[in-house]
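Peer 1: Heads up, the first sequence is in UniProt numbering, so the first residue is 1 and it goes up one at a time.
Read the hints as simulated data drawn from the structure, not as lab findings.
Honestly, I wouldn't trust all of these hints.
What the hints assert, rightly or not - Okay, derived cross-link-like pairs now, DSS-like style, lysine-lysine, Cα gap no bigger than 30 angstroms in a straight line: (1) K434 with K665; (2) K602 with K513; (3) K745 with K665; (4) K602 with K339; (5) K775 with K384; (6) K665 with K418; (7) K384 with K434; (8) K535 with K564; (9) K775 with K758; (10) K418 with K602.
What the hints assert, rightly or not - DEER-style ranges, computed between Cβ atoms: (11) I542 with R657: 19 to 29 angstroms; (12) G584 with E561: 19 to 29 angstroms; (13) K112 with A251: 54 to 64 angstroms; (14) M89 with A474: 56 to 66 angstroms; (15) A54 with A764: 20 to 30 angstroms; (16) G57 with T204: 32 to 42 angstroms.
For clarity, every value in this text was computed on a predicted model and none was experimentally measured.
Every residue gets a Cβ at the ideal spot worked out from N, C-alpha and C, and that includes glycine.
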Amino acid sequence: MADLWQVTLVSPPYETWTYGLPSHFPPLSPGQRVIIPFGKSHRAGVVVGPAEAAPRGVEIKNMIWPLELSPLLDQDFVDMAVNLASRQMVHVGRILEIALPRGLRTAAVTFKVDRHMTERNLPATMRPPDIVRVKDRDRAALVDLWLEGRMRVRINAKKEAEERYVSLESDPPWAVRPNAKRQLRLLEHLMENGPQSLYSLRHTLGDWAPDVAVKLEGAGVVRLGELTADHMAEIDGAGQNGADDPGCEFALTDEQRTALDEMTETLESGGGAHLVHGVTGSGKTVLYMEMARLLLEQGRSVLFLAPEVALACQLYRTVARRFPHFRTIFYHGYQSPKKREASFRELAGGEDPVLVVGTRSAVFLPLPNLGMVVMDEEHDESFKQEDRLAYHAKEVAWFRTGRSKGLLLLGSATPDVKTFQAASAGRIRVSTLKERVGDARLPDVELVNIAELGSSKQLLSDRVREAVRETVKAGEQVIVMLNRRGYAPLMYCLDCGETVRCPDCEVGMTYHKGRERLVCHYCGRTYSYPLTCRKCGGVNFIPMGEGTERLEEALTDLLPEDAKVLRLDRDATRRQERLEEILGAFGRGEAQVLVGTQMISKGHHFPGVTLVVVADGDLGLNLPDYRSSERTFQLLVQVAGRAGRGEHPGRVLIQTRNPDHPIWKEILGGDYQGFFDREASRRNMFRYPPFSHMALVRISFPADYDNGPAALSLMGEVLREQGRALGISVLGPAPAPLSMLRGRKRFNCLLKSDDWGKVRGLYAAMARANPDPRKVRTGLDLDPLSTL
DNA sequence: AGCACGCCGACT
DNA sequence: GTCGGCGTGCTC
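Whenever a hint applies, use it, and build me the whole structure from the sequences.
Peer 2: Okay, here's the thing in structure tokens:
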């Protein structure tokens, strides 16, 4: 028998199976990609190691062909995947699926061989099934050709077609038949979620989606293709008007010099995590660059991670300008798969130190001799992937820098409470920057009590209205943030007092006036408006509460005729070019007021803005989630930073109904330490993270699966009983916020423990008790961002 | 994820 | 009578 290898499938069912290596091939190495026969078809897999013996009762098949001459991934990369998989309690293949760009996971490839092989009646191009049919005597020659590098692999063009993005070409109402349910479904989906690749559409909506998209393209309603130049400009250019690399032109301050010494010390004492806690504008970027220079001199690579594309782009420009003679690579999820694949291959094949800047997914890139990972704005929630498989880039970066004795540099003005706790407890080192570089000044932040406004129709107080009017009159600009899109979050039926709720999610549906629809912000379900009340058949609804759309209307009424108000939220930027249009117009001063959701809080830099209004500062505070204060603190400190970035001093007004809440003093004074102390003691008292280990267990089954509820209660019982024995507190199972998704009923269970190992043990016990794993799916989210 | 098997509706 | 829709099951 040929020698046996363990091969991990990088697509469902993600399992690791045993395959034989055909004769004539030299031994394989872990990290080598191969094409394997799988059932009636073939798949791509990754060799994770040699197999000791064949499993009993199965007939071992031979692999078809390797996908590259030398392993794409090294042992460290495989170890990382294995380690992460065991921590997340998933198959290794699921980690590899996330880590590899799509082109490196597909088995839809064609092998092209040098022409002279055709003399042996072999075709010049072969697909995997053709290779299986090659006669033994030709096979040896083919292997020789492969080893000489005269047989190449090319990804099939048909697969690439699935990578095209679908985006809306026109606004609703669309020119489609009103009973074309699938077409409307797809259009609404694009409306809610922005441009999507055909691949992800097929995944979220169903196999019909690509065909429907092509049909809609024919009708001219959607666009199909690469992301447009407009969209890339929007992504790449969003930071262009920003004051990037603050402080680069200054000599290092004493504070910065001290921080630099401290970071160097951490690096030289064997690496590990190091927090740079510095107020906005204190020159953290300069420190990143200085450390990067140090590492490059040692011949080590550096990875920079930013929470979103626009910020990553800004950082990339700084890096490229600072190190013009080094190889720099930019990597993010909106790039074409071709580009991502090329970057991945280039890195995997290289040995020289390289600088990479990217977003979350870049944490998996195979950097040669990794010396440092920088995570800018480390508190940002985008570093954690929540859908599909829950992983945090910080965890991956921690593992990788740990392996290579590198430095994990975490930078933020408002660090993650968990990170700061680790720093306070002395588990990671911290450098603090208290001063701003140059003579930039933090804006004045004031509270506006709106408690007495009650439920009257106006959300904006007289004081804020006056301030907005005055600012506009003075020729300056205003940003108003309301973290709630739509016109009104609730619609009341005047006849029976019922509110319109989503039948799947049971939450109130938000009225979107411009779209003439009611939208569920959880699942995206929409009803057209006007509509009739489900309970009493009435047709008279009144909108309650306020969203950005209504606020835009109110501000337009407030200001003189010639003043212009723009709105920036997910609805307004649904069509690709819109974001750039809006930001551009506001930046050029064509409008005086910009209303928006938290989208406006990040990265953009408008020198003309002297007033920032937070319309509802309490919005995030009252959520029943243990991280809501932290989120509010971080968001409001960020938003406040939008004011007074030009010559004129800035002013921030925050409206609240609870002016006595202690968080305001901390936000007004930019007092992170004060906030942290209070928050830490509260979390300690209630055993919330970081003083406990929290995990979310997700359980789902098809809505029409009769045994589902019984299976759920059985598994819930196992969790509670065995949880009690392990000292783990168990909450639930309770219906998830999105209780129905794609025909599946979803439930959550919250675990609180003193140990991750126990959590994994309990989850494993529950999974064993699953009566039908095919129907009842489970997932584990360690340290969830939200417990909702 | 693919691909086959298998069971019910609209057509040559 | 068949063609073909997608539910279900399996893959070293």
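Peer 1: All hints, please: hold or fail.
Peer 2: Tested hints:
1. K434 with K665: Given that 30 angstroms is the threshold and the Cα spacing comes to 18 angstroms, the pair holds.
2. K602 with K513: 26 angstroms, holds
3. K745 with K665: Status violated; Cα separation ~43 angstroms.
4. K602 with K339: OK: K602 and K339 at ~26 angstroms, within 30 angstroms.
5. K775 with K384: 27 angstroms, holds
6. K665 with K418: 22 angstroms, holds
7. K384 with K434: 28 angstroms, holds
8. K535 with K564: 41 angstroms, violated
9. K775 with K758: 26 angstroms, holds
10. K418 with K602: Judged against 30 angstroms, a Cα distance of about 22 angstroms means the pair holds.
11. I542 with R657: 19 to 29 angstroms: 22 angstroms, holds
12. G584 with E561: 19 to 29 angstroms: This hint holds: roughly 23 angstroms between Cβ atoms.
13. K112 with A251: 54 to 64 angstroms: 57 angstroms, holds
14. M89 with A474: 56 to 66 angstroms: Holds: the Cβ-Cβ distance is about 59 angstroms, inside 56 to 66 angstroms.
15. A54 with A764: 20 to 30 angstroms: Since the Cβ atoms of A54 and A764 sit about 27 angstroms apart, the hinted range of 20 to 30 angstroms holds.
16. G57 with T204: 32 to 42 angstroms: 38 angstroms, holds
Violation of the numbered hints given earlier is confined to hints 3, 8; the remaining hints are satisfied by the structure.
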